[in-house]
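Put chain B on the given structure of chain A with help from the hints.
Now for the letters of each chain:
2 protein chains.
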Amino acid sequence: MLLCSNLHHSKKIMSEILKAHLQKFITITDEEFAWIMDYFEVKTFAKKQNLLEEGQICRANFFVTKGILRKFHLNEKGVEQTTEFAIETWWMTDNISFEHRTPSEFHIQAVEKTEVLVITSEAQEQLLSRFPVMEKYFRIVYQRAFAASQNRVKYIFSLSKEEFYFNLLKRHPEFVQRVPQYLVASFLGFTPEYLSEIRKKSVS
Amino acid sequence: MLLCSNLHHSKKIMSEILKAHLQKFITITDEEFAWIMDYFEVKTFAKKQNLLEEGQICRANFFVTKGILRKFHLNEKGVEQTTEFAIETWWMTDNISFEHRTPSEFHIQAVEKTEVLVITSEAQEQLLSRFPVMEKYFRIVYQRAFAASQNRVKYIFSLSKEEFYFNLLKRHPEFVQRVPQYLVASFLGFTPEYLSEIRKKSVS
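In order, the protein sequences belong to chains A and B.
Every number in my numbering is 818 more than the matching position in the first sequence, counting from 1.
Every number in my numbering is 818 more than the matching position in the second sequence, counting from 1.
For reference, chain A alone in the conformation it holds in the complex (with noise of 0.2 Å):
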């Protein structure tokens, strides 16, 4: 009883973070509201629980509510390389996969003990087509997702790897603080030696 009350709150709380990410973006109702939720299932992932594994087909789209997540891939040296990180309010899956049923090329895994609401590819395209005002929400939702990743590039080229931390630290401290230090590395695409060599040299 005790437990299924607590879910349920939390269902709540996760259904008012997702509402009040779509008003920042646009108008809608409670009642459309609650039709849209009907849309997302409620899933808690562990720590380092896989939620998409390199050849699967990504059927879902995850809107992170508590926790972080992350999108990494194995080098040909069989090392993770995480190309993307998903914290509170942001989403993510492989658009790819998701968009044209092919096998995915990555894994997406929780960070730390990750609350999200998912909604399916089926699920997205029904709430689309019966919400159009939903395709603005996605559109600035994607919109902005494409210039974080053409900023990234940007960085990759044109920043030394020293550069390359401090700009991300300088952008997202929070981030750095609540990332494990050998994700942040993989993020950035260093040994997590040399992270921590950037990290004594600046204390210093």
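Treat identical chains as interchangeable: a pair holds within one or across any two.
The list that follows gives simulated cross-link-like pairs (lysine to any residue, SDA-like), each with its CA atoms no further than 20 Å apart:
1) Lys979 - Lys1019
2) Lys979 - Val897
3) Lys842 - Met855
4) Lys1018 - Pro998
5) Lys972 - His918
6) Lys972 - Asn868
It should be emphasised that the hints constitute simulated quantities derived from the structure, not laboratory data.
Showing chain B alone in chain A's frame:
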């Protein structure tokens, strides 16, 4: 008189290219499309002409109907680093500057003589609010652009320099043919000399 009629002809062809691209993703009537076209201006840029310079606010979104655009920035050594190309039916803008009206950190330049349909940020906002179906169109455009950008990050991290070139050649052979080799090198983060070596090796 002749010039005038050519220009008119040219605008008609350009609008047909945009219309065909819209119709890949959304349904619109001829009448609606005529209204939509009113938000666009036709512009032609000479080879190497800048559409945007670093420090300027990027007030326009460019839809290429003929030619090639590239986006680049100068790295700390003053070397041009190309981060993105746009060929026919691709959009290009500096999304961050366009959305937030902040000075751009990029240049946008015509690689060859290029014809574009131009929409200003104000006009795009009006267009989207008057024709909500355009939200779906831009949602799909940005969703795909984001997916392409994510793949690019993956390739940068996971492929060796040689693989990076052959991957581009395999995926976009027409593109490697059309774009001057020093710009292909700039897109891959190579020196032109290094690219020339790889090409020689692959022929022999």
